[in-house]
Amino acid sequence: MDFFIVQILTGLSNAAALFLVASGLSIIFGVTRVVNFSHGSFYMLGAFIAYSLMTVLPGFIGFWASILLAGVAVGVIGLIVELGVLRPIYKSPELFQLVATFGVILVIQDLALLIWGPDDLIGQRAPGFEGVVKIGDQLLPSYDLVLIFLSFLVLGGLWFLFNKTRVGILVRAATQDREMVGALGVNQSWLFSGVFFLGSALAGIGGAAQLPKGGADLLMDFNILAPVFVVVVIGGMGSIPGAFVAALLISELNVFGVQFLPQSTLVLMFVVMAVVLIFRPWGLFGRPEIVGSHGSQGPPEAPLRAFSGRLWLALAAAVIALTAVPFFGGTFLQVLLADVIIACLFATSLHFILGLGGLVSFGHAATFGGGAYAAALLVQFSGASMELAMLFAPFAAGLLALVIGWFCVRLSGVYFAMLTLAFAQVVWSVAFQWGEVTGGDDGILGIWPSAWASGTTAYYYLVLTVGLSGIATLLFMAYTPFGYALRGGRDSALRSEAIGINVRLVQWSAFIFAGFMSGLAGALFVFAKGSIFPTELEIARSFDALIIVFLGGVQSLFGPLAGGVVFTLLQDWLSRFEYWRLFLGLMIIGIVILLPNGLVGVGQWLRGRFGGPSNKLEEAQEEAG
Amino acid sequence: MYRKLVGLTAAVAMAANVMGTAAFAADTIKIGDINSYKRLPGHTIPYKNGAVLAVETINAKGGVLGKQLEMISRDDQGKPGEAIKIAEELFTSDEVVMITGSLFSHVGLALASYAGQKKRLYLAAEPLADALVWGKGNRYTFRLRPSTHMQASMLAEIAAENPAKRWATIAPNYAYGKDAVAAFKKALMAKRPDVEFVTEQWPGLFKIDAGAEIQALEASKPDAIYNVTFGGDLAKFVREGALRGLFKDRMVLGLLTGEPEYLDPLKDEAPEGWVVTGYPWYAIEEPAHKAFVEAYQARWDDYPRIGSLVGYNTILSIAAAIEKAGSTETEAMVDAMKGLTLDTPSGSITYRAIDHQSTMGAWVGTTTVKDGKGMMVDWAYKEGANYLPSDEEVRKLRPATD
Amino acid sequence: MSFLEVRGLSKSFGGVNAVNAVSLDLKEGELLALIGPNGAGKTTCFNMLYGQLKPDEGSVKLNGRELIGQTPRKIWRMGVGRTFQITATYASMTVMENVQMALISHHRGIFSVWPPASRRHRPEARALLELVGMESQAERAASVLAYGDLKRLELAIALAHSPQLLLMDEPAAGMAPKERVGLMQLTADIVKERNIGVLFTEHDMDVVFSHAHRVLVLNRGEILADGSVEEVRANPRVQEVYLGGGSTFGEQGAGSEEGVDKEGMADA
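Chains as they are written, first to last, in the numbering used here: chain Y, 1 to 625; chain A, 1 to 402; chain L, 1 to 268.
Isolated chain Y (complex conformation) (with noise of 0.2 angstroms):
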């Protein structure tokens, strides 16, 4: 008994950092829409600014005064950001923003190691709080109790602060209606940056509290993300109580999942948050009516255009330059092209369901490593040839695209994104954890093409080949009925469904067949590199097609190929710098805010800034087609 007593307590103290986290999340998102992922980074930041002046004020005052301080200087930094990065773009399309977020924790993964240097901080103990109460025979740590306490405070604060102020109020008023906080006269901008503020203060503070039983490191980002999503998201985005009682879910599961279940660790959150989602759609207390009114939608995009000559021109001179390349190019620069052109296949299937069906999947990873790893057991399994594995991924890759999108397709959204989310880490987590089979993050190794192809040039036109019949068939879909219907469903489901179209059908074969050449790309991928490992299915991975087809541009059908030629050589470029993921962070903030239309607006945003005055419709036209 008194150990479930203590099993409980410790699963409460866990659920505190991990509340203020998400609480601070929750109310961004509430309010503004932004979906930001350098939350993480808050939280961190929160931790390693709270270390710091923790070495200088001294004792039970200057413990408490650093965490408060703390998330006051976070707070700052996260006004910073939203004043700097954010509201340049809220205009931009839905979802924009994250990219723009994604540049954020780079520069700030940057500068962190820059200030406090590589090596991991122990976390200073809490005055007073540093031995332990026992419970029966059990032994809890104090400060377990005071992570408790901490964390009901916060909740009653903000209870106050939404149910009994004006500000507050408006601030909830803000997340149900925001044109009707327009119209009682608030500005808006101060209502963002505010909540910004609060936001990215209760995320410092989060940081800060879990010193005593932590520290501070250069992975605490990435590594409170994943859990912080997935409690905003079963709590029902917006909402506080949402997000204290999923974390209270997610931090009890997990020490008893401990106990009973060792090896569940990695998977089960996600589990629970794919069967939340499952059967209520937008989390435990999140409100139907939040979906559909997101942020603002962008301008329309221009109708498709049939190739002109001169582009087919261009294409043409574009295959035939690739294809010279090993006449005149070294053999780096071969592998280079061949890690480009898998890198557009990826991003060209994610955009089909993207850019044209709206369908924004944060889970795109879990078809490109599915593929791969079909690709990769079928050669370790029954010694099939290159060939045959070619072949039979983009089929495995469609059928758990088949699988993952028949849950998926039916939510919209932020919470669609959460749910391919959700699946991809299922999918990580079994060839993480299935390690008889899969090897585990140890890998499948050995997977070289046939001889035939083994030769860097060879398989340089063999990606050329497939590759570039993989991007063709995808643009060519577009200009199918059935891509048109996938438009026509993001355009007005209404509009589908009353002239006879499946909106959800159409979107469900497109998720299968983006899953199929996502697939196809992974294949590609694993021969080109002999190996697979579970990095492959990881969220970042995801995170890359998603950077490359916003970089790119939305709207355009060459958007994933302009912004996959420049994010791949980009990133190659600049890992030869020391601090690289600081100047490419910045160069993506850069072009988020400079390129709103993406890479492929350029030319569109020259002639705007030097030309002569222009219909902007007719110019972007001219770019889709």
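Note that these hints are calculated values from the structure, not bench results. Please note: incorrect hints may appear among the correct ones.
BS3-like cross-link-like pairs, simulated, lysine-lysine; straight-line CA separation at most 27 angstroms [stated by the list, open to error]:
{"#": "1", "chain 1": "A", "residue 1": "Lys-373", "chain 2": "A", "residue 2": "Lys-248"}
{"#": "2", "chain 1": "A", "residue 1": "Lys-119", "chain 2": "A", "residue 2": "Lys-324"}
{"#": "3", "chain 1": "A", "residue 1": "Lys-61", "chain 2": "A", "residue 2": "Lys-48"}
{"#": "4", "chain 1": "A", "residue 1": "Lys-248", "chain 2": "Y", "residue 2": "Lys-134"}
{"#": "5", "chain 1": "Y", "residue 1": "Lys-134", "chain 2": "A", "residue 2": "Lys-221"}
{"#": "6", "chain 1": "A", "residue 1": "Lys-118", "chain 2": "A", "residue 2": "Lys-207"}
Since chain Y is already given, all that's left is putting chains A and L on it; use the hints.
Below, chains A and L without anything else, positioned relative to chain Y:
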């Protein structure tokens, strides 16, 4: 659109040009170094410092085969696919003669597979996975650092002498953790069939829920605990475990726990009385090692970590191999690496011809806290050769015959 | 001969009767207006007819076939077209493509890959655009159209599968008075020419009285009056309801909007 594509083609052509001119200066021997400098800087930067020190020392003495050594370091972002791409670039554009580096096992394994396929020499410096030289070993891959199997066997030897019968293990939930537990169990059971393993805990790597894990360990009432967690996980485990009295009157073994990378961040909270593998650089009195420490401190104004020593020994090994081969031709270097013996600050080591594992050993000792810092005392250097399987066993473990 | 028979259609939300036992008939070639003050239940009725809302009770028969329980897609296939209060068109497509999509769906070509969408059923699509007077704008993006033109486009889309019944939710809302007359005249012509039945809701009494063949007045979910324009106009109960509801009978400004449905909002 047309202009864009033309621009793109031009950019690609330019990139090709830049890469073409990157290869120059034939009077140096270039070595490619690939490591996760951004993912785990706390480990890889000391490694790099050690390697750079060795390169500078060798060059000051006139280099190898009359040529200067040049190490080109690149960050693999902790991604195996990225590492393969960089390896290809290092060989084809930078014209390195071989590659080395890597800390993560999966990156090391990917590079090993690449080396075997492309017939290029790879000296794995730090990855610990046993498969690297055994199950997935190949002619072109060698490894310096004592593997998971070796270090776990060293601790199992100590464990066997202890009366404890009920053992609990805690290890991060990934390949290294699993290997480390399996190797330890096998080695201990071989010597002590009477012990039982009462619980196995598998926290996610760098995601430990220390309170819950300790509760679970405590609930199984073990006599002794075998710990494989490291980094931030270790810090949380140690602090929470000490608070909750988990380590009281129990034998605790810690794999790698004595390495400065892991022990030093714990400061005065470092565990007392754990038996660990590690690196007591401050107390090793051999002249060669003392000279290494002095040189390292003079060069970097910092003390060496285990990574520094591995980095240093890596470059020494490469230099010795090239010297022995008399050329930088891959097959000659591979032949030279087989059975290569050289002196290092940590003593003489040999790259076994049978499985390409070096016999570099590890230090095993007991932890204590002195002047607010964790230290190893009562330590002894365990020769790696004594913890490697016999040739016959290796033949079973290693499909590669070369 | 009535081809649409609605009997005892009822729906309540949280105990409040939004629509209560509504029955109506519609003949081919008839333009029937469904009017009533705000909250009378017009949109609820419409959504039930089109399968977007499930009634608590009642039946809707089209040529003797039950519509209740069918999806909007199925109802569309059975020969019912629809336009929305706030136009629902594909903003990222041209006017022509919008119509083509309806034709492609009608010919069950959504999942085919060749030929490309924009090359299909062009003559048919052009004919429909000519019918609504939009042929000159065929290649423009739907996103740049004037609102009145969007309404015409929607009409063309709704006619693409040659429906027997056309449901139009506030067709004249948000349009300039001149456009309103034009659109309703067009609709009336189409009704005559194609011999189809149109059921429409409308706020603007000018529109109703000058174009409808028959008028149905709904109040608090129940049918208050059913008859010719003259009959309804003269009905004292109808006058009372409209005066009581705060609306001037006969003269009303453009587009006051009744319980705008959420979906329509999202797609506007």
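Verification of the hints:
Distance hint between A/Lys-373 and A/Lys-248 is fulfilled; the C-alpha atoms sit about 20 angstroms from each other, no more than 27 angstroms. Between the alpha carbons of A/Lys-119 and A/Lys-324 the distance comes to roughly 19 angstroms, so the proposed pair stays at or under 27 angstroms and holds. Distance check on the hinted pair: A/Lys-61 and A/Lys-48 sit about 20 angstroms apart at the alpha-carbon level, within 27 angstroms; holds. A hinted pair counts as satisfied when its Cα atoms are at most 27 angstroms apart, and A/Lys-248 with Y/Lys-134 qualifies at roughly 16 angstroms.
A hinted pair counts as satisfied when its Cα atoms are at most 27 angstroms apart, and Y/Lys-134 with A/Lys-221 qualifies at roughly 18 angstroms. Under the criterion of a C-alpha separation no larger than 27 angstroms, the hint pairing A/Lys-118 with A/Lys-207 is inconsistent with the structure, at around 37 angstroms.
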